[in-house]
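S.K.: Starting from the given sequences, assemble the full structure and let the hints guide the process.
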Amino acid sequence: MNVEDKKELNEGIVVNVDELWLKGKNRNVYFKALIKHVRETFWHYHGPDFSCNKEGNRILVTTKGVFNERVYQALKRVAGIHSFFYAKVVAVDDSLIYPAVKALLSAKESLPNTFKVKTVRSFKRFPKDSQEISREIGGKVLNDFSSLKAKMVNPELLIQINITEENIFVSVDKHFGMGGQPYGTTGHLVTLLSGGFDSPVASYLMAKRGCHQTFVFFYAYPFVGNEVKEKIINIASALGKFQRETRLYIVPFGDVQKKISQTCRNEYRTLLFRKYMIECSALLAKKINGEALCTGDSLAQVSSQTMGNISVIDSTCEMSIFRPLLGFNKSETLSIAKNINIYKLSEVPHDDACSLFAPKFPIIRPDKKYWSDFDRDNSFKDDLEECLSKAEIYNISILGEVESVTD
Amino acid sequence: MSNVIIVHFKKKSTLFIKFIFINFFKLNNLDLKLDKKGGQRYEVERKFGISTLCTRVGLQMIYFDNAASQKIRKEALETLNKGLKNCFANPSAKHKFGQSLLKKIEDHRNYFTKTVKGKDLYDFVFTSSATESNNMALLSFDFKEGDVAYISSSEHPSLIGPLKECEKRGLVIKELPLDESGILDQETFFQNLDSKVILVALSHVNNQSGVIQPVEEFSQRLKKIKEETKIHVDATQSFSKLSISLFDQYIDYMTVSSHKLGGPKGIAGIYVKKGVSIKPLLYGGGQEKNLRSSTQSFPLISSFTRAVKEGMDSLEGEYNRVDNIYKKIRTTLKENIPEVLFPFSSSDKCKVSPYILTFVVPNISSDIILRHMEQEEIYLSSTSACSSKVKGENTVFKGLGIDNKYHKNVLRISFSNETTWEEGKIFCEKLKNCIDEMSFLMPKKK
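First to last, the sequence lines map onto chains A and B.
By our numbering, the letter at position 224 of the first sequence is numbered 224, and the numbering carries on one by one without gaps.
By our numbering, the letter at position 212 of the second sequence is numbered 212, and the numbering carries on one by one without gaps.
Hint data in this document are derived by calculation from the structure and do not stem from the laboratory.
Where hints are given, some of them may not hold.
[Said to hold, decoys possible] Here are the simulated EDC-like pairs of lysine to aspartate or glutamate, each with C-alpha atoms no more than 16 Å apart in a straight line:
(1) LYS430(B) to GLU376(B)
(2) LYS259(A) to ASP436(B)
(3) LYS258(A) to GLU437(B)
(4) LYS287(A) to GLU386(A)
(5) LYS74(B) to ASP313(B)
(6) LYS259(A) to GLU437(B)
(7) LYS273(B) to ASP120(B)
(8) LYS258(A) to ASP436(B)
(9) LYS102(A) to ASP144(A)
(10) LYS168(B) to ASP142(B)
(11) LYS168(B) to ASP147(B)
(12) LYS196(B) to GLU175(B)
[What the hints assert, rightly or not] Interface residues of chain A toward chain B, partial, derived using beta-carbon atoms under 10 Å:
(13) PRO222
(14) GLY225
(15) ASN226
(16) GLN257
(17) ALA358
[Stated by the list, open to error] The following residues of chain A were derived to be distant from chain B, with all beta-carbon distances above 12 Å:
(18) LYS23
(19) ARG27
(20) ARG70
(21) VAL141
(22) GLY184
(23) HIS212
(24) ILE393
If you're wondering where the values come from, they're calculated on a predicted model, not measured in any experiment.
All C-beta atoms, glycine included, are put in the ideal place defined by N, C-alpha and C.
M.R.: Pasting the structure below:
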């Protein structure tokens, strides 16, 4: 294969992996998972015409066609990607760098005013040093593109040259991914969604940490209506895009809530609803091999999220409960919600059964004895099993398409 | 309808198990229908310990949402079926098959004008819906910039919508005043009547309150003062249930709809006084005397006519029968649930259609009651699609004079020729149970 051919073939999206330096011998596992997710992303958002391979410590995706904007957006939802850019990949040869830069700049629809060339050389035996290459390429760019001016601080256009042992990557734009761990490498969570802002953000944070998640929503029909269900499906669809494939369980919970209300002391209602939602989710997790639960609790945000209340709930739950938002202020949660396009979906007003049932003075410091007695004297296991068996199940694809599994 | 249980056996289940199961139901005088598809699991499943999925279908449905849409009458369904099966030609066709249908459509049209004593005085145009009819009239009448149209904010959106469109072209919209009982306040109206009045649009029976507006008397009075004013009446909720006459020609446009009186959906009509301006919404083949281009649906038209005939022929008897049920339900509700309020009542001044009963259950969201009742296969209307978290008022309720604090508590039940007092009794009982349960679950918050 001559040099010309190789240059022609190798251009595409270069994906940098996040937190790779933390990994030791298990690097390959992470690469495999990430490549799988990246492949699936391209398959669905681009089409079958591409190839995706490991290229040193990076992933290179090439196509004969053109990558569209949707792919770029979708890559920002792939956990474990530090950054990605459209690049030309050439052999480790000094003379091939500038033609690549020129081709990339000429392909751009419009050029900004200022630029800078940045060279990173991980292949230290390359004959020229970084400064030298930057200067040389910069000079040629100034020569050929008269509208561009060099600017070292905050340039509008950054020309990047990465020299590795195997290849040289040349790119003129860079996008940051969401970072974190590749999808599916850290375990299977059952995430409780509520329809507010917190739980979707919690789910996002856990997706970032590479968790495969199954969503569960407790549907308090007939106390709330269909519009809540639709809202949840929309939210789950948006969150599903962060995963390869996921499921949403909509569990009919109105009758259980009614039964709990009739059994317990008024001020414990909301807290006990939570307890049994958690318990039901744990039951579900056992059935589908979930390893932990995830909720959007933020410490002391509402009365059921006081330290006392969180601890009693944990005291009667066998499974670990992840609460990634414990230390978040509402404003921090909301700003993430806006970033991940959840805000508009969660903003839609809806009825909330918990507030309908809410007592005038909900419990803040629960009586541990009452709690353990209640847990001992009442078993809702059959009811929980029953409502789980009646759950509506939806598959959610990487594109966010929702498809009912139950009929 | 008797109780029917649909059973879905798992593939493994043996004939013997099926045999025992079927016999159990026979012994208990229950009908059994075997079906391949299962849905909701039923208690029986556990009680038997058999691998079955059961669906409960047989709860007798109580449909009290006839003002939204009524079940098609038996006779109308027959006519529709026959029409769909046999009368499929295009009525605009040249051949005798098509021509015979066109002739029949003209007969039906004549029936419509005759039945309101408007023969030779009014044209009748078949349309697809009451909304279309209202739009056709309200986008047709001539006005100059600054002319005034009166409409109550309690009216149906299909009346308000087209007028809002006219507002963009310079029409001024003023509120048609209602008094506290929901009836047209004629004194206030005539005292403050704008001299530039060009149109008044109102429903004969308001779909939410059921109040019967004295359209004939009002139109007469208005025409005596200002003859050129156009009057549009929406008779969707009253046609073939209450008598109305167009003989005096005070009304210029009148809308009627098929599915609110036991006819099929997708067909309606409008009366237009001869000589009054009317423009088509659809252009094309020139059907319906150039007023509504589209292939006429003979099956729908004939079925619609049939339903109207059935209603008209038994109008008075049905009115009294339904009135009787209405009164009984009202009394029983008040006895069972003392806190229930009725915002609209018949009095000397005001009459309310017995086909529509609106009531308020304070403190309990109407949507929650609606969903509890639907679990029992009882259907009613709560009208507020908005969520309890949305602070805002319902303009229709406001227009009808219902206190803001009750806007989320308004329920409507509406009756038809099929409604029985038996159903009413069950309804009252179930509603009481539902409200008792809710009051326990949802303590009042102050």
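S.K.: Look at each hint and say if it fits the structure.
M.R.: Evaluated hints:
1. LYS430(B) to GLU376(B): holds (8 Å)
2. LYS259(A) to ASP436(B): holds (15 Å)
3. LYS258(A) to GLU437(B): Since the Cα atoms of LYS258(A) and GLU437(B) sit roughly 9 Å apart, the hinted pair holds (cutoff 16 Å).
4. LYS287(A) to GLU386(A): Given that 16 Å is the threshold and the Cα spacing comes to 14 Å, the pair holds.
5. LYS74(B) to ASP313(B): holds (15 Å)
6. LYS259(A) to GLU437(B): holds (11 Å)
7. LYS273(B) to ASP120(B): Measuring from Cα to Cα gives roughly 9 Å; hence the hint holds.
8. LYS258(A) to ASP436(B): holds (13 Å)
9. LYS102(A) to ASP144(A): holds (8 Å)
10. LYS168(B) to ASP142(B): Since the Cα atoms of LYS168(B) and ASP142(B) sit roughly 14 Å apart, the hinted pair holds (cutoff 16 Å).
11. LYS168(B) to ASP147(B): With a Cα-Cα distance of about 12 Å, the restraint between LYS168(B) and ASP147(B) holds, given a limit of 16 Å.
12. LYS196(B) to GLU175(B): At roughly 14 Å apart (the allowed maximum being 16 Å), GLU175(B) and LYS196(B) satisfy the hint.
13. PRO222: holds (3 Å)
14. GLY225: holds (6 Å)
15. ASN226: holds (9 Å)
16. GLN257: holds (8 Å)
17. ALA358: Status holds, d = 8 Å.
18. LYS23: holds (46 Å)
19. ARG27: holds (48 Å)
20. ARG70: holds (33 Å)
21. VAL141: holds (56 Å)
22. GLY184: holds (33 Å)
23. HIS212: Non-interface label on HIS212(A) holds, nearest chain B Cβ at 29 Å vs cutoff 12 Å.
24. ILE393: holds (15 Å)
Checked against the numbered hints above, the structure violates none of them.
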